[in-house]
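2 protein chains.
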Amino acid sequence: MAEKITSRASDFSQWYLDIIQHAKLADYSPVKGCMVIRPTGYAIWEKVQKVLDKKFKETGHKNAYFPLFIPESFIHKEAQHVEGFAPELAVVTHAGGKKLEENLVVRPTSETIINAMFAKWIQSYRDLPLLINQWANVVRWEMRTRPFLRTAEFLWQEGHTCHETDAEAEEETLRMLEVYREFAETYMAMPVFCGLKTDTERFAGAVRTYCIEALMQDGKALQAGTSHNLGQNFAKAFGTQFQTRTGSIDHTYQTSWGVSTRLIGALIMTHSDDKGLVLPPRLAPTHVVIIPIFKTDEERDAVLSKAKLLADSIRAWPTQKAKLGGPVSVHIDMDEGKSVGWKFNEWEMQGVPLRIELGPKDLAKNQAMLARRDTGAKEAVTITDIPARTLDILLDIQENLFKRALENRNQHVTDVNTFEEFTKTLDTKGGFVRAHWDGTAATEKMIKDETKATIRCIPLNNLQEEGICIRSGKPSKQRVLFARAY
Amino acid sequence: MAEKITSRASDFSQWYLDIIQHAKLADYSPVKGCMVIRPTGYAIWEKVQKVLDKKFKETGHKNAYFPLFIPESFIHKEAQHVEGFAPELAVVTHAGGKKLEENLVVRPTSETIINAMFAKWIQSYRDLPLLINQWANVVRWEMRTRPFLRTAEFLWQEGHTCHETDAEAEEETLRMLEVYREFAETYMAMPVFCGLKTDTERFAGAVRTYCIEALMQDGKALQAGTSHNLGQNFAKAFGTQFQTRTGSIDHTYQTSWGVSTRLIGALIMTHSDDKGLVLPPRLAPTHVVIIPIFKTDEERDAVLSKAKLLADSIRAWPTQKAKLGGPVSVHIDMDEGKSVGWKFNEWEMQGVPLRIELGPKDLAKNQAMLARRDTGAKEAVTITDIPARTLDILLDIQENLFKRALENRNQHVTDVNTFEEFTKTLDTKGGFVRAHWDGTAATEKMIKDETKATIRCIPLNNLQEEGICIRSGKPSKQRVLFARAY
Chain A
1 MAEKITSRAS DFSQWYLDII QHAKLADYSP VKGCMVIRPT GYAIWEKVQK VLDKKFKETG
61 HKNAYFPLFI PESFIHKEAQ HVEGFAPELA VVTHAGGKKL EENLVVRPTS ETIINAMFAK
121 WIQSYRDLPL LINQWANVVR WEMRTRPFLR TAEFLWQEGH TCHETDAEAE EETLRMLEVY
181 REFAETYMAM PVFCGLKTDT ERFAGAVRTY CIEALMQDGK ALQAGTSHNL GQNFAKAFGT
241 QFQTRTGSID HTYQTSWGVS TRLIGALIMT HSDDKGLVLP PRLAPTHVVI IPIFKTDEER
301 DAVLSKAKLL ADSIRAWPTQ KAKLGGPVSV HIDMDEGKSV GWKFNEWEMQ GVPLRIELGP
361 KDLAKNQAML ARRDTGAKEA VTITDIPART LDILLDIQEN LFKRALENRN QHVTDVNTFE
421 EFTKTLDTKG GFVRAHWDGT AATEKMIKDE TKATIRCIPL NNLQEEGICI RSGKPSKQRV
481 LFARAY
Chain B
1 MAEKITSRAS DFSQWYLDII QHAKLADYSP VKGCMVIRPT GYAIWEKVQK VLDKKFKETG
61 HKNAYFPLFI PESFIHKEAQ HVEGFAPELA VVTHAGGKKL EENLVVRPTS ETIINAMFAK
121 WIQSYRDLPL LINQWANVVR WEMRTRPFLR TAEFLWQEGH TCHETDAEAE EETLRMLEVY
181 REFAETYMAM PVFCGLKTDT ERFAGAVRTY CIEALMQDGK ALQAGTSHNL GQNFAKAFGT
241 QFQTRTGSID HTYQTSWGVS TRLIGALIMT HSDDKGLVLP PRLAPTHVVI IPIFKTDEER
301 DAVLSKAKLL ADSIRAWPTQ KAKLGGPVSV HIDMDEGKSV GWKFNEWEMQ GVPLRIELGP
361 KDLAKNQAML ARRDTGAKEA VTITDIPART LDILLDIQEN LFKRALENRN QHVTDVNTFE
421 EFTKTLDTKG GFVRAHWDGT AATEKMIKDE TKATIRCIPL NNLQEEGICI RSGKPSKQRV
481 LFARAY
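Residue numbers (our numbering), protein chains in the order written: chain A, 1 to 486; chain B, 1 to 486.
For reference, chain A alone in the conformation it holds in the complex:
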């Protein structure tokens, strides 16, 4: 039998680690805080990359690659930036057997090194907009790490763009936020709130940081992607200037935006259950596993040859409109050293969305048994109908996972009007709490220190209403979204 994993109810945190270990998504490495992304986990990341990369290119961005190392002095050029990142830097002091004249930091993010190039490449408004994206590894030395969610090194993409006006930069910032929202909801089947970060929570060096915020099954929020309007902060620090249409000289208006391997942690904690990983079909590396069932050699030959024909017919089924990113991926589990029951458990653990059971009795009836990973529902389907039915079920799973996550999320958004209600809701129910806040960093900090809840965002197009701050009692214009978060 496959090893049991901890249940969510008994220890959510251990359940998360068990899923990662048993589904072979990642492993601990000998380097403190750095994980190894194993093939199954990396295959999910490749799916994420493929979808997002296409969306970035469709919105006019081009990929490039900038150095891993950044001269230490660069980090100091933007005042907020250095304050935010200095404590987390990994520093190269020696290379090629010698002490370096200037230390190099391993990029925690690339605004500085990229602006050094932008300043060289941009002369005129004709060079704008400049729309660049980079897929890369970055390093932020964290004290408490957790696979996928918070690791010293992680993989991500970072978009960096330059514009003529603040309005264009703001438009780009929101455009990419919408790309992230659409990806989270349509591909990850993960509902998100889109909003603005408070000054306290915004990116070090940004004018405005927007984010998408999701709810995990334990009631904690998770920031799944951010999009920053950098204004002219980095352009001024690095002298990224251009001649405007009217002939004057101005600093470029910039944005940056990123999502990382953290999304895999978000996927796990949004959909998975006590049997193991649950993956939305659009990001599942394997969509279907066929389990051949037989006892005699004769049965074996008949079942295997039917399984192969069935797999081919499923793979050949057209899927363009389903946005699966390619044909349905089918694996036949031909391992004869394992029992059927073991295989059922194992593939449920691995999160394959659909299992097809095929045995001699099924063959006799010209059918196979289809079992969904999300609901566990089983149905017998005539062989020739299976390819079409498979695609239908996969899309239904995709939709169902989103619906289920949305219902759970919506049940965990609570309006409160007093600080007592606020703390009680956080302690008993968790989730997002919508509450009035006076808009000051001091009150925000007080609430965080007292409850561990932070303002996740001020939702986009937020309803404006008169109210009283739950903590300070001062007047407030709107409710903001609080939560305890990863």
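Just to be clear, a hint being listed does not mean it is correct.
Pairs count within a copy or across copies, as identical chains cannot be separated in the list.
[Said to hold, decoys possible] List time: in silico EDC-like cross-link candidates among lysine to aspartate or glutamate, alpha-carbon distance up to 16 Å: (1) K477 <-> E299; (2) K50 <-> D27; (3) K338 <-> D250; (4) K24 <-> E178; (5) K50 <-> E336; (6) K99 <-> E88; (7) K323 <-> E185; (8) K120 <-> D27; (9) K275 <-> D11; (10) K308 <-> E357; (11) K54 <-> E182; (12) K32 <-> E102; (13) K321 <-> E399; (14) K120 <-> D250.
To be clear, the hints were calculated from the coordinates, so they are not data collected in a lab.
Starting from the structure of chain A, add chain B where the hints point.
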């Protein structure tokens, strides 16, 4: 007019740098020895990745990701490995504001950190073969750098595999060498010699290193890819053991193999000319550029609308069998701020394989002018025939570039029998020199010190023949391939 580039004849080295600068493939960064790969250069790398990644998966490999940092002690576990890489390491001594207990080196290659994981993952022959690939950045602190060819940081893929027997490891080593050869010749249109490195030139820690070696237009050789049979060297250093089919315990037999962004340097120096970059169509990010030609607004409208229809019809043409990796990529240059002549030069500089000129006179004749980048040949083609003809020409360019490079390469392989002939050939003609060698490292070193020529490889299936070493006069069993190399 587009700026002129240095000619190959006057200064090959400057010509190479000019191409990189003017075709915007890469740029110098503020970090010594680290380059920035600009969008055009990165798009070529993405094409390389796409083709190779597919081939790796077809041969059973799965992608994963291992930490950037390696504990310094790991590098010391394999004696040859540390000797080879220690002088080139970049070392992180501080992180998170503190001095580290153990220094971390930035991976120069990942055999050590990967073996630390293999040792954990592999217990039995049932876990073998284990076939892993990683796309990553690596750092080797080089004194003299050159964009794409030799940079402190570069992008590459590194395959790492474990097997039950030495024979299987050798088979895998040669299988991946063949993948590289086929890629070099079929996609890069770059003929290569496949062979074995001498003990002096083999990878630090390998039992045998195989390579593909190409000839650049200046007569120097370039190592374009390597595939290593590591034997049990790393397995022994890291305790990567497994229970065999007979129940005994053995160390795994391993391989590793890699190609890097150096391939882009190889592409440039194999095919490009004094007008700029020349790209084989299978790796060209843009296959066709359409240059609309007009004077009046009326002409403009007619030409542009025809150009768009033409572009769409070319994009829609089926290309599966052409192995272009997707539809024909077409760009219409609608920039009205540049002259037609400037555009011709600019797109030749950028290496777009086919230019289509479309003006009012062409429209009147229901045709357009097609101009090949490789030969400069022009032909008028009827509009409806253009999509099919475009594909034909692209494939012909692909073939022609290979043929041209092969002819040049073959003209630069010289058999010599004396040291005088040897040095004279190197000095006057360059290229590969086939000469007898006594098989000792001492003679190899003497020849290198005296002539700067190294043994590029002992070709696979090399003819065995009695001879006399050109330098020592001692008996030799075979000729080996010498060259001055990058």
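Hints versus structure:
Neither within a single protomer nor between protomers do K477 and E299 lie at most 16 Å apart by alpha-carbon distance, with minima of 72 Å and 58 Å respectively. Proximity of K50 to D27 under the C-alpha cut-off of 16 Å is found in neither arrangement, the shortest distances being 23 Å within a copy and 27 Å between copies. Within a single copy, K338 and D250 get their C-alpha atoms no closer than 68 Å, and across copies no closer than 25 Å, so neither meets the 16 Å cut-off. In this assembly of identical chains, the alpha carbons of K24 and E178 never lie at most 16 Å apart, being 32 Å within a copy and 31 Å across copies at closest.
In this assembly of identical chains, the alpha carbons of K50 and E336 never lie at most 16 Å apart, being 34 Å within a copy and 34 Å across copies at closest. In this assembly of identical chains, the alpha carbons of K99 and E88 lie at most 16 Å apart only when taken from different copies (13 Å versus 22 Å within one copy). Only within a single protomer do K323 and E185 lie at most 16 Å apart by alpha-carbon distance; the minimum there is 13 Å, versus 35 Å between protomers. In this assembly of identical chains, K120 and D27 lie within 16 Å of each other by CA distance solely across copies; the values are 10 Å between and 41 Å within a copy.
Proximity of K275 to D11 under the C-alpha cut-off of 16 Å is restricted to the intra-copy arrangement: shortest distance 14 Å within a copy versus 66 Å between copies. In this assembly of identical chains, the alpha carbons of K308 and E357 lie at most 16 Å apart only when taken from the same copy (13 Å versus 51 Å across copies). With identical chains, the CA atoms of K54 and E182 are at most 16 Å apart within one copy only, with a shortest distance of 13 Å there and 28 Å across copies. For a Cα distance limit of 16 Å, the shortest separation of K32 from E102 across copies, 11 Å, qualifies, whereas the shortest one inside one copy, 26 Å, does not.
Taking identical chains as interchangeable, the C-alpha atoms of K321 and E399 lie at most 16 Å apart only when both belong to the same chain, with a minimum of 14 Å there against 37 Å between chains. Taking the shortest alpha-carbon separations for K120 and D250, only the intra-copy value of 15 Å comes in at or below 16 Å, while the best inter-copy value is 56 Å.
Of the numbered hints given earlier, the model fails hints 1, 2, 3, 4 and 5; all others are met.
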